[in-house]
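One letter stands for each residue in the lines below.
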Amino acid sequence: MTTNGDDAVKVVPVRHAGQWVGAGFALIFIAMLVHTLFSKVPTGSVICHTVNGVRSCRPEVAWRFSWNVVGQYFTTSPVLQGLVRTLELTVLSMVIGIVLGVVIAVMRLSTNRLLSSTAWSYTWFFRGTPVFVQLFFWLYIALLYPTFSIGLPFFHFIPFTHIAFWHFDANSVFTPFSAAVVALGLNEAAYMSEIARSGLIAVDEGQIEAATSLGMTHGQTLRLVVLPQAMRVIIPPTGNEVISMLKTSSLASAIGVTELIGTATNIYSANYKIMPLLIVASLWYLIVTTILSVGQFYLERHFSKGALRTPPPTPIQRLTRDARGILMKFRTRRGVPANSVAS
Amino acid sequence: MVEARGVYKSYAGVEVLKGVNLTVVRGEVTCLIGPSGSGKSTLLRCINHLEKHDAGELRVDGHLVGYEARDGKLYELNDKQICAERSQIGMVFQRFNLFQHLTVLDNITIGQVKVKGVSPEVANVKARELLARVGLDGKEKHYPSQLSGGQQQRVAIARALAMEPKLMLFDEPTSALDPELVGEVLDVMKDLARSGMTMIVVTHEMNFAREVANTVYFLDGGVIEESGDPRVVLTEPSSERLKSFLSKVL
Numbered sequence: 024m025t026t027n028g029d030d031a032v033k034v035v036p037v038r039h040a041g042q043w044v045g046a047g048f049a050l051i052f053i054a055m056l057v058h059t060l061f062s063k064v065p066t067g068s069v070i071c072h073t074v075n076g077v078r079s080c081r082p083e084v085a086w087r088f089s090w091n092v093v094g095q096y097f098t099t100s101p102v103l104q105g106l107v108r109t110l111e112l113t114v115l116s117m118v119i120g121i122v123l124g125v126v127i128a129v130m131r132l133s134t135n136r137l138l139s140s141t142a143w144s145y146t147w148f149f150r151g152t153p154v155f156v157q158l159f160f161w162l163y164i165a166l167l168y169p170t171f172s173i174g175l176p177f178f179h180f181i182p183f184t185h186i187a188f189w190h191f192d193a194n195s196v197f198t199p200f201s202a203a204v205v206a207l208g209l210n211e212a213a214y215m216s217e218i219a220r221s222g223l224i225a226v227d228e229g230q231i232e233a234a235t236s237l238g239m240t241h242g243q244t245l246r247l248v249v250l251p252q253a254m255r256v257i258i259p260p261t262g263n264e265v266i267s268m269l270k271t272s273s274l275a276s277a278i279g280v281t282e283l284i285g286t287a288t289n290i291y292s293a294n295y296k297i298m299p300l301l302i303v304a305s306l307w308y309l310i311v312t313t314i315l316s317v318g319q320f321y322l323e324r325h326f327s328k329g330a331l332r333t334p335p336p337t338p339i340q341r342l343t344r345d346a347r348g349i350l351m352k353f354r355t356r357r358g359v360p361a362n363s364v365a366s
Numbered sequence: 680m681v682e683a684r685g686v687y688k689s690y691a692g693v694e695v696l697k698g699v700n701l702t703v704v705r706g707e708v709t710c711l712i713g714p715s716g717s718g719k720s721t722l723l724r725c726i727n728h729l730e731k732h733d734a735g736e737l738r739v740d741g742h743l744v745g746y747e748a749r750d751g752k753l754y755e756l757n758d759k760q761i762c763a764e765r766s767q768i769g770m771v772f773q774r775f776n777l778f779q780h781l782t783v784l785d786n787i788t789i790g791q792v793k794v795k796g797v798s799p800e801v802a803n804v805k806a807r808e809l810l811a812r813v814g815l816d817g818k819e820k821h822y823p824s825q826l827s828g829g830q831q832q833r834v835a836i837a838r839a840l841a842m843e844p845k846l847m848l849f850d851e852p853t854s855a856l857d858p859e860l861v862g863e864v865l866d867v868m869k870d871l872a873r874s875g876m877t878m879i880v881v882t883h884e885m886n887f888a889r890e891v892a893n894t895v896y897f898l899d900g901g902v903i904e905e906s907g908d909p910r911v912v913l914t915e916p917s918s919e920r921l922k923s924f925l926s927k928v929l
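Protein chains in written order, with the numbering used here: chain R, 24 to 366; chain Y, 680 to 929.
Hints listed in this document are in silico derivations from the structure and should not be mistaken for laboratory results. A virtual CB, placed ideally from N, CA and C, is assigned to each residue, including glycine. Heads up, some of the hints might be wrong.
Output of the computed footprint for chain R on chain Y, the stretches with three or more beta carbons under 8 Å from beta carbons of chain R [what the hints assert, rightly or not]:
#, region
1, 702-716
2, 741-751
3, 877-888
Listed below are the simulated DSS-like cross-link pairs for lysine-lysine, each with C-alpha atoms no more than 30 Å apart in a straight line [unchecked claim]:
#, chain 1, residue 1, chain 2, residue 2
4, Y, 795, Y, 818
5, Y, 793, R, 328
6, Y, 805, R, 328
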């Protein structure tokens with residue numbers, strides 16, 4: 024079959040009536056949504072003008088969603104500081120979560136029963152209690168342990184032998200922010216360990232045997248062969264976890280961390296502009312999530328090396344390919360053979 | 680080179696090897712044949728300590744595998760010593776087991792660089808030489824998934840050879856290949872045998888065994904049923920079991 028010339032066979036695509044009806048409903052719904060998002064409502068007050076001695080009055084109207092107020096607060100410095108706090112919380116607790124999660128996953132897969140059951144118990148406990156409770160637990164840890172000291176275990180039971188290398192006051196160390204980082208990080212580690220474990224067991228055992236037969240140690244096999252291949256399985260759900268953590272970190276506002284939601288709450292409790300400030304915070308979450316999703320795409324692409332024969336095209340590659348396709352169609356219609364464009 | 684005396688091995692109560700005796704002379708090719716489940720692969724894996732044998736004596740190059748005899752006692756070797764022993768024995772697997780996330784070149788250099796501590800430059804030169812030797816020059820930048828089965832297995836042979844092993848173990852190296860790709864792998868192995876490499880090959884390729892092997896061992900039910908020169912063993916088998924096995928595979 025040729026694509027150019029008069030002898031081309033005309034193809035009539037099948038019509039999908041159901042799709043058309045569904046698309047119609049979707050279009051109506053989208054129109055309603057856009058309309059209500061940008062509709063105006065009377066504020067209750069009246070604006071009067073006097074033009075050429077004639078006084079005319081009309082009711083004042085304002086954006087239903089107070090976009091002007093949203094715009095006012097969107098880039099104010101408290102909001103931006105809150106955003107930075109949110110990002111700090113997300114990054115720090117995810118770092119703790121990922122590192123500890125991988126360690127727990129490796130422990131869980133150990134042949135040593137004590138190590139694997141310790142790892143199992145960790146996941147059981149931190150997944151089984153609400154993160155909200157864990158936040159308060161770390162904030163008020165001083166109620167249980169007013170001071171922490173690092174020394175030899177159990178030596179404080181023997182008189183005169185207790186030597187502490189390091190000593191600190193729980194209240195001064197567990198500020199709301201650090202308590203939030205510890206709580207979110209330890210909680211995340213429980214979820215990350217399951218993700219890491221699924222990645223580790225997805226690597227073919229033959230890979231481990233091959234590495235072993237080359238004379239690699241357990242550690243080298245794990246680091247050089249197993250983990251890089253496990254990453255392909257680990258990355259997509261980890262991306263989800265980062266995005267989820269971005270929003271879960273808002274719970275830290277409950278223990279007094281002035282991150283994005285905490286800042287919004289502080290502002291609207293003073294001026295009652297509740298909805299606009301919630302919208303400001305939500306818009307920032309949306310923006311960061313979008314950026315993270317793009318990053319995740321490139322990260323996944325990087326770690327799919329070797330697993331896929333041809334890596335998926337980047338959005339830019341896809342754009343140039345589409346543009347070339349359209350150009351080609353255009354030229355063939357004007358009688359230029361298709362292959363002269365491709366070369 | 681390899682000396683097995685009464686080697687026993689069982690998995691979860693099932694005896695796979697029941698007292699195997701075997702001698703492999705330096706520079707010779709030994710083929711292990713037998714029905715599946717007869718213990719051929721297990722024996723091979725015991726030789727480089729991928730599996731631990733339960734009883735008996737297994738020596739490679741005069742050293743006990745996995746143990747050290749001192750003062751009339753056997754001391755189990757630690758991980759590092761076992762790794763050092765393994766690095767001198769090359770192994771080629773049925774399913775190639777190339778590192779999927781590394782290019783062909785990196786597959787061949789990783790063992791040299793990370794285990795033997797060779798500099799990356801030297802390792803690269805050696806890897807290219809070996810790739811040329813197995814007929815794959817120009818494939819350095821490819822990933823394993825971009826190669827055919829036969830090409831992957833040749834890369835796997837090059838990867839094992841890069842460690843300069845004193846012994847090469849082949850675990851059914853052509854069983855996972857399409858029939859038309861078997862030849863290219865066997866050619867590389869024949870070439871290797873001619874160069875004087877000591878090889879132990881678990882195989883179902885009777886023609887390869889007849890042509891290349893110095894000695895053939897026939898395993899059945901965890902014991903060596905028959906062994907000797909392939910021209911004798913494979914043409915005039917004395918045991919009934921080997922007769923019936925050969926009638927099925929030939």
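Verification of the hints:
Note: the region 702-716 of chain Y has 0 residues with beta-carbon separation from chain R under 8 Å; the three-residue rule is not met and the coverage is violated. Coverage of the region 741-751 of chain Y by chain R is violated in this model, with 0 residues showing a Cβ closer than 8 Å to a Cβ of that chain against a need of three. Residues of the region 877-888 of chain Y with a Cβ under 8 Å from some Cβ of chain R number 0, which does not satisfy the need for three, so the listed coverage is violated. Between the alpha carbons of residue 795 of chain Y and residue 818 of chain Y the distance comes to roughly 24 Å, so the proposed pair stays at or under 30 Å and holds.
Distance restraint check for residue 793 of chain Y and residue 328 of chain R: the Cα-Cα separation of roughly 21 Å lies within the 30 Å cut-off, and the hinted pair is therefore satisfied. Among the hinted pairs, residue 805 of chain Y with residue 328 of chain R is consistent with the structure: their alpha-carbon atoms are about 24 Å apart, no more than 30 Å.
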